[in-house]
Amino acid sequence: MDKRFTLGLWLVLGGAALLLSLLIQDFYLRSILNLMAISALLATSLRFVMLMGELNFALAAFTGLGAYSAGYLSTVLGLPFGFAILLAGLITAAVSALFGAITLRAKGPYFLLIGFAFSEAMRVAYSKIDAVGGTSGMVGIYPPRAFDDWLPFVVVGTVLLLLIAFYLVEKSDFGRILFAIRENEDVARSVGIRTYLYKVIAISGACFAAGLAGGLHAFVNQVISPGDFGYLLAAFALAYVKIGGEDFFLGPIVGAVLLVALSSYALGLGGDEHFLYGGAIIIAVLLMPKGVLGMLGKLRLKAAVSNDKVSADVH
Amino acid sequence: MQTFIQLSATALQIGAVYVLFSLGLTLIFGVMRIVNFVHGHIFSVAALVVAYLLPALAAGGLSAPAAYVLASFVGIAVALSLGALLYIFGFRHFQRDLVGSFILSIGLVLLLDGVLLHVFGGAVRGVPEIFPGRVSIGGAQVTIQRLFLCAVAVLMAVSLYLALGHSRLGKALRAVSYDHEAAMMVGIPYSRIAFLGFMIASLLAAIAGVLLAPVTIVSPVIGTDYLIKGFIAVIIGGLGSVPGAILGSIFVASIETFGSYYLDSSYATLAIFGLVIIVLLFWPKGVFGRG
Amino acid sequence: MYTDTQPLLRVEGISRRFGGLMAVKNLNLELRPGEIFGLIGPNGAGKSTTFNLISGFMSPTAGKVIFAGEKLPGGKVGEASKAGLVRTFQHGSYVRSMSVGDNIRLGTLARVAPARRADKVRETAAVLGLTEILDELAGNLPHGLQRLVSIAIAIAAAPKLLCLDEPLTGLNETEVATVLRVLDGYRQSMGRAILLVEHNMKAVMKICDRIHVLHHGEFLAAGTPLEIQSNKAVIEAYLGSAHAT
Amino acid sequence: MIIKKQLKSGAAVLALAGLIAGAAQAEEVIRLGLSVPLSGAAAVWGKGAEFLCNTAAREIREGGGVSVGGETYNFECLSYDNKYNAAEGTKVAQALLNREGVKFIGGSLGTAPVQALQALAERQDVLVFTVAWGASIKGVKHPMTFTQMNTPGEILPLLIAYIAKEHPEAKSVAMLNPNDATGKETETLAGDIWAKNGVDVAASDFYERGTTEFQPIAARLASLKPAIIDLGATPPADAGAIFKELDVLGWKGVKVVEVGTGADGLKATGGDAAEGVYMGAGVTFEGNAATDHQKAINEQAKAQIGESLNAVQIGFYDSVYALKAAMEKAGSVDPKIVAEVLPQVTFKSFYGEEVGFYGKELYGRDQQMRLPIIVTKVIGGTLAEVARLKP
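Protein chains in written order, with the working numbering: chain Z, -16 to 298; chain Y, 2 to 292; chain E, 2 to 246; chain C, 881 to 1271.
I should point out that these hints are in silico values taken from the structure, not numbers from a laboratory.
Careful: at least some of the hints might be erroneous.
[Unchecked claim] Residues from chain Y that face chain Z, not an exhaustive set, calculated with beta carbons under 10 Å: (1) S9; (2) I107; (3) H119.
[To be verified] Coverage of chain Z stretches by chain C, computed from C-beta distances (three or more under 8 Å per stretch; other residues unrestricted): (4) 10 to 18; (5) 98 to 112; (6) 117 to 130.
[Claimed, not checked] What the simulated footprint calls covered on chain Z by chain E, stretch by stretch (three residues with Cβ under 8 Å from a Cβ of chain E suffice, anywhere in the stretch; the number is not a length): (7) 160 to 167; (8) 174 to 186.
For glycine and all other residues, C-beta sits at the position ideal for the given N, C-alpha and C.
Assemble the whole structure, with the sequences as input and the hints as a guide.
As structure tokens, this is what we get:
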């Protein structure tokens, strides 16, 4: 029952999101939908790495790398936009694998802190490279005119595909290994699993998605600047995961949708938008450590804590 | 040679501040195993309070040094109470929870950014020189102000080092950071030690804040730059290691100084980040980090 | 080429020094295919260190470990387990937030072909009598069953040598009986050897073919359970604690 | 679950937009969107801009509003925080143009976010005022964009010529700029112009915004022993800190912050070291140069944002009057028509003069406010106007 239900859930949610991307004509709502989809993907990528107990704060850097690669490939080298985005993802995956190989040798906060530092470094680096517009950023990253009306559909579609991929991997043996690494890495090692290798693969997989998200971001906004990819990007993604509920696959998605909707009002608050995000995160970690879905879960049914709760939660 | 002395002097001056920062970060990590991103805001608050009060007090007829000392005490007090608040209502519940505490601190960073902007406004505040004049050390020009700053920083570093080595509190702190369960078994009150560790760290940040107020640009966002450098210093030195923090700070300051002199300061910034990666290649846990 | 007539595991004069302290001093031992081998000794005798040295979680300061005819590189867990030497840990080696089934499957992931994993999980569960609770969350099980899960994970990895680090700690009489039955069953059905580090003397005497006694990191005695029980030195070392338990 | 949320937010957004739109109809309000930083390091600029836009709007309302074809309109300023980056700039643009349906951007600050704004605005024929300097933002490719303050293109030729004349003995300059769009823009121009005026450029460096320790930078600049140190687009507070360190190192010479916008930050961090600094975009409200009107508004500003007004912010006042003039001349509130008329109108700027637009020879379009270049200098601790150069 569980499996079939989950499948059904995917069809319903995914189908609806896709439908929405086609139906909505209002430009503002379209931009919000794009933003929600991309944010959801970033948050899911962040959570995927959290499955093995690491916090990938280099997410900002790799999203930026994806965005800039896509921008450069399409505007300078004139690659078709689908290809540019895909290639951007691959480049990001490769670089992140190297990054992970270096930083994941020590457990704990080193990976997190270096990720942070790395994001800041990349930000400075972009501003030094005139080929990508330096400090004023890259402009004119347009998708082909034909795609203009289809862009939301393309974005939502791509994001959905990646989300499904993440879901399947999480439910696979690979996912089991990530759990084992988080809770009891020695066990995994003692039965011959090469955990270090799996960690690196997990990072580059997650960053592949981040790279694609960056590419989509570039084409959706058509303008990117170094400032877009400061560590706050990762901080917000973290907020999405935390608000939605990190124990649930849908958590980051729900969190992204909620907070993006919320912040689109908060934009009117001027500088006070930070209050909103900061407050939301604090409230979440202090009052509802299991996020919105966790609260709903408590209300709905007293099912045991499990990462299959996804399915349990939504009927 | 002349240049070299000047630059070294500069590096030491900057490094002194980073030391105060990284000592706090490394102390908190050692005791509580958390990464505290709001540390920079404790610093900012102290600096802002000084920048706010000093002109008023001076106008009130106090002599500059007197006004400064008074303002500093207030600044430190405010910063410490902020620290206590953060600990009691926040981090106390996230001991040894790296991810959880980090998320909390990010939330607090965003919130406090907004708060500080509201309370103090975005405008840059000037703090008049307290100890005017300068001296020449081996041809290197150094202001009394900076000299004072260094002296205090070194004093703090040394006393903390000795305290950790010899005082009972120090022993407890070390025991806790080495193995908190064992420490609790032998009757060390972990939660109290953790609180003390957190407050000592906050004190260091606050002191750095009041010391820097007269020599730098005081605005609500000032903390971030120092925080980043401080973290890089502890990563290089090894989280939880006091000598590591000190050497890391000096290292970062030197790269920054010599880098911006011989290259250009934005490349120096890049160089610092680059070197961190290289250091991690050879010492995955930092130079003085233990398993 | 390794044949079953040779010893499965040969430890040649390994030592391990921690600063000033010699945790294990020039230890030799041989373990034959298919036997259950007990490694005992009072607290601080260096059992766990020896265990870590053999399983590659620690590298020896001297000596070497030869497993199935091949020398194991010290301190390389991957190599040891790849060769078929799989261990458990004192404090429950399983994943709380996964089902029993997934836990056992974890064991198969490195050493069993994907196609055979499902069967392997079923077999293992059958041998350990966990079939009924495959979907339970390991974290919610009683201590005894969690111990069994830890062992199941190791067994599922189809080891040539199964190394158990105090698998009976904190189990009651009946649970101990179960684990012993399981281990015996495992040996019968799979004909594989077991290296057992354990405090529970009665259990060790009951199940082991041969026993090796350590004291202060050094060899004290070796022999069959009967020989050991009557060994003066051993009894002194334990101050009769062997009989107490 | 996702869908519900989206519909919710969507519906709400629509409702909100509808509400405002409805209100707008009722009292003939023209809403001017502002895309400015309201948080972070540049928050004070954004807040000042917001303040001046509102001030101008209030004055016009009190003065009887904008009369277009018998109808009377009033302005209303709507400022969103673009956080100085393109991503947020896009969000702001989306919200202003597609949610609030704004047709006129009263002002926008920050090259990256402004580029994002332009990308969207030009497709919808929205008129954009900006203080951003990036050359990429100006020119014939951007028929709907107008620049509301002096940019390096206007300031540098006159200012540098003036300084070269004042200090004929100074023959070498060392330049430093922040590593951002404005810095790059200024640096490229200044280099040539100094050379043209017979001053050779010893070095030209960049530093990261947000830097707090300026000793190394100062040490390098001083080591070049230049007669002039030109901090280009360095923000006043940073410039002050740098001059202070230079003073410690014993450097003496001509101090220039070409597009320095205000003396407060400079004095705040520079103290006595700020003495003698030339600025090309500074505004002073001291002495008899300033009108009562300027002084009055500046006092209000100080009370509200804690700093006296600077040239960047003043642009947000002038743009409102420029729009008023253009709308009344065109007899229309259609942005396309207004944009066509704008270059021909003149209006009374905050600086006192009646000014129009120019810039054809430099940018190919008359899209630049013809504002006076005010050369200011810190004398005796206060900022004094030493020359007012007519472009």
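Hints, one by one, checked against the model:
1. S9: violated (25 Å)
2. I107: Holds, because the Cβ-Cβ distance from I107 (chain Y) to chain Z comes to roughly 5 Å (cut-off 10 Å).
3. H119: Since the shortest Cβ distance to chain Z is 8 Å, the answer is holds.
4. 10 to 18: holds (count 7)
5. 98 to 112: Contact hint for the region 98 to 112 of chain Z vs chain C: holds, 3 residues under 8 Å.
6. 117 to 130: Three-residue rule met by the region 117 to 130 of chain Z, so holds; n is 6.
7. 160 to 167: Check passed, 5 qualifying residues.
8. 174 to 186: Coverage by chain E holds here, the residue count being 4 at a Cβ distance below 8 Å.
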